[in-house]
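Same order as they appear, the protein sequences are chains A and B. If you read the first sequence in our numbering, its first letter stands for residue 1, the second for the next number, and so on. If you read the second sequence in our numbering, its first letter stands for residue 1, the second for the next number, and so on.
Rather than coming from a laboratory, the hints here were simulated on the basis of the structure. Hints are supplied without guarantee of correctness; some may be wrong.
The list cannot tell twin chains apart, which means a pair is met if one copy fits it or any two copies do.
[As the list claims (entries may be wrong)] Calculated lysine to any residue pairs in the SDA-like style (CA-CA distance at most 20 angstroms, straight line):
1. 174 - 255
2. 174 - 206
3. 174 - 152
4. 174 - 234
5. 174 - 236
6. 153 - 202
There are 2 protein chains.
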Amino acid sequence: MIPGRRRILGVAGTLLGAGVAGALAGRLPSTAAATAPVSAAPLPWPYPRLDPDVVAARAYWDYFDGHCMYGVFAGIVGELAEKCGGPFRTFPLELMKYGAGGVAGWGTLCGTLNGAAAAIHLVSADPEPVIDEVFGWYSSETLPDFVPEESPKPLPRSVARSPLCHVSVAEWCKVSGLDAYSVERNERCARLAAATARHTVESLNLQQAGALPLTHPVPEEVQLCRSCHERGGQMANARGRMHCRACHPGIGADHLDASAKGK
Amino acid sequence: MIPGRRRILGVAGTLLGAGVAGALAGRLPSTAAATAPVSAAPLPWPYPRLDPDVVAARAYWDYFDGHCMYGVFAGIVGELAEKCGGPFRTFPLELMKYGAGGVAGWGTLCGTLNGAAAAIHLVSADPEPVIDEVFGWYSSETLPDFVPEESPKPLPRSVARSPLCHVSVAEWCKVSGLDAYSVERNERCARLAAATARHTVESLNLQQAGALPLTHPVPEEVQLCRSCHERGGQMANARGRMHCRACHPGIGADHLDASAKGK
Numbered sequence: 001m002i003p004g005r006r007r008i009l010g011v012a013g014t015l016l017g018a019g020v021a022g023a024l025a026g027r028l029p030s031t032a033a034a035t036a037p038v039s040a041a042p043l044p045w046p047y048p049r050l051d052p053d054v055v056a057a058r059a060y061w062d063y064f065d066g067h068c069m070y071g072v073f074a075g076i077v078g079e080l081a082e083k084c085g086g087p088f089r090t091f092p093l094e095l096m097k098y099g100a101g102g103v104a105g106w107g108t109l110c111g112t113l114n115g116a117a118a119a120i121h122l123v124s125a126d127p128e129p130v131i132d133e134v135f136g137w138y139s140s141e142t143l144p145d146f147v148p149e150e151s152p153k154p155l156p157r158s159v160a161r162s163p164l165c166h167v168s169v170a171e172w173c174k175v176s177g178l179d180a181y182s183v184e185r186n187e188r189c190a191r192l193a194a195a196t197a198r199h200t201v202e203s204l205n206l207q208q209a210g211a212l213p214l215t216h217p218v219p220e221e222v223q224l225c226r227s228c229h230e231r232g233g234q235m236a237n238a239r240g241r242m243h244c245r246a247c248h249p250g251i252g253a254d255h256l257d258a259s260a261k262g263k
Numbered sequence: 001m002i003p004g005r006r007r008i009l010g011v012a013g014t015l016l017g018a019g020v021a022g023a024l025a026g027r028l029p030s031t032a033a034a035t036a037p038v039s040a041a042p043l044p045w046p047y048p049r050l051d052p053d054v055v056a057a058r059a060y061w062d063y064f065d066g067h068c069m070y071g072v073f074a075g076i077v078g079e080l081a082e083k084c085g086g087p088f089r090t091f092p093l094e095l096m097k098y099g100a101g102g103v104a105g106w107g108t109l110c111g112t113l114n115g116a117a118a119a120i121h122l123v124s125a126d127p128e129p130v131i132d133e134v135f136g137w138y139s140s141e142t143l144p145d146f147v148p149e150e151s152p153k154p155l156p157r158s159v160a161r162s163p164l165c166h167v168s169v170a171e172w173c174k175v176s177g178l179d180a181y182s183v184e185r186n187e188r189c190a191r192l193a194a195a196t197a198r199h200t201v202e203s204l205n206l207q208q209a210g211a212l213p214l215t216h217p218v219p220e221e222v223q224l225c226r227s228c229h230e231r232g233g234q235m236a237n238a239r240g241r242m243h244c245r246a247c248h249p250g251i252g253a254d255h256l257d258a259s260a261k262g263k
């Protein structure tokens, strides 16, 4: 294991020329283009505080161009490209279409959160607290709380209980009595993209002002599970901050009693 | 809902100038930079077939620079930047560090798959079958099946049963008897990044040769669940292709009998 090897080679490349760095790495460049260094602007990129409502409306419409992940990411980064230009203008926004339906319909991570996390990482010097806030908010609030001016028809709202697309959609189907492939579910996800983009921008703005509050921390119930199953616990076999009971509904007091007794 | 609105505005922007397009959209540019069009190269970007073993070794080492999502994405796209130059050189690879530990430690989508899906979407004209193959492979094979030349020590392998970091790590802890925060688990995830990058490149190469096989389709057990719960089913409340029993272990024959009788 050689952490930071590429960074060391980066310095070597600058000093000695990329061809020599390639030889040091045991790889010879296969074409002339191989000697050109990667020249992406280092992160974080500039973040002038954005208007959460402007970005929300933008994300809502972007959803219909490229679904959930694209909606949130293009809503935020498209606005930054217009405001700041620079490296934002050469970023291929359409890449983020891959996250649709929990990545190509697999139902894993909700695309609105995948897009939010990517956008946060692009512009924040300390992305983790902002991601924690947005993921915690998404898992525990009654959503979507965004209503587009152009189609103000009321729509059922639900608590996702999870950052996962599959769970989030199933909970909404339970509350609404509607189909996971209905027009209403599609509209719900567009509004969710808008709501998530808005909360992401609100959180980025607060962080930049030095005032990001931890309004959606890991719930006490989850902290109790983590006290045994996370780093340093007596059975540290779990990674994550998701709500445990969304996938482990059967675990009750008997499990906790047995665990406390070391069984 | 105005699907394709941005594309229409894109055309309008080219014809009339971006300032007019902004006014059409009801948004006035706030700075001079706002009138500059977004100029990212359209997807897919070029894909000359890569050597799966070269990319795997690269992803293994990249893991130690930026964890799982970065490992796979930088392994593939870093190699493309060296081989092709062009737009790959201005892509901010370090963005993909956000996917570490299922996105900032949340345990959602395994970062190796998040990075693979993004890389596939960047270079494939038809990304979905490649993503399906890589996610299906990851969920059902005994992994990691990559051994680095530099540290060939054997390491326990397991079947993830899911594309989710939380489930994948827990299954590995069960098989190995080791801790989710152990040195061995970290090494396991580095090898998993290498294995996933290798299978992704193998699949992209096969697709480009017109010979991508469906070697890891949705299992029959999951197809049975989907026949009721997915699009067009009698209770279409689920989106996704994940293995159902990883989170719904208690569902047995009685559920299927009751469902068949319409209860």
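Status of each hint after checking the structure:
no., hint, verdict
1, 174 - 255, "between (28 angstroms within a copy, 18 angstroms between copies)"
2, 174 - 206, "neither (34 angstroms within a copy, 41 angstroms between copies)"
3, 174 - 152, "neither (22 angstroms within a copy, 50 angstroms between copies)"
4, 174 - 234, "between (36 angstroms within a copy, 14 angstroms between copies)"
5, 174 - 236, "between (33 angstroms within a copy, 11 angstroms between copies)"
6, 153 - 202, "neither (25 angstroms within a copy, 48 angstroms between copies)"
Checked against the numbered hints listed earlier, the structure breaks hints 2, 3 and 6; every other hint is satisfied.
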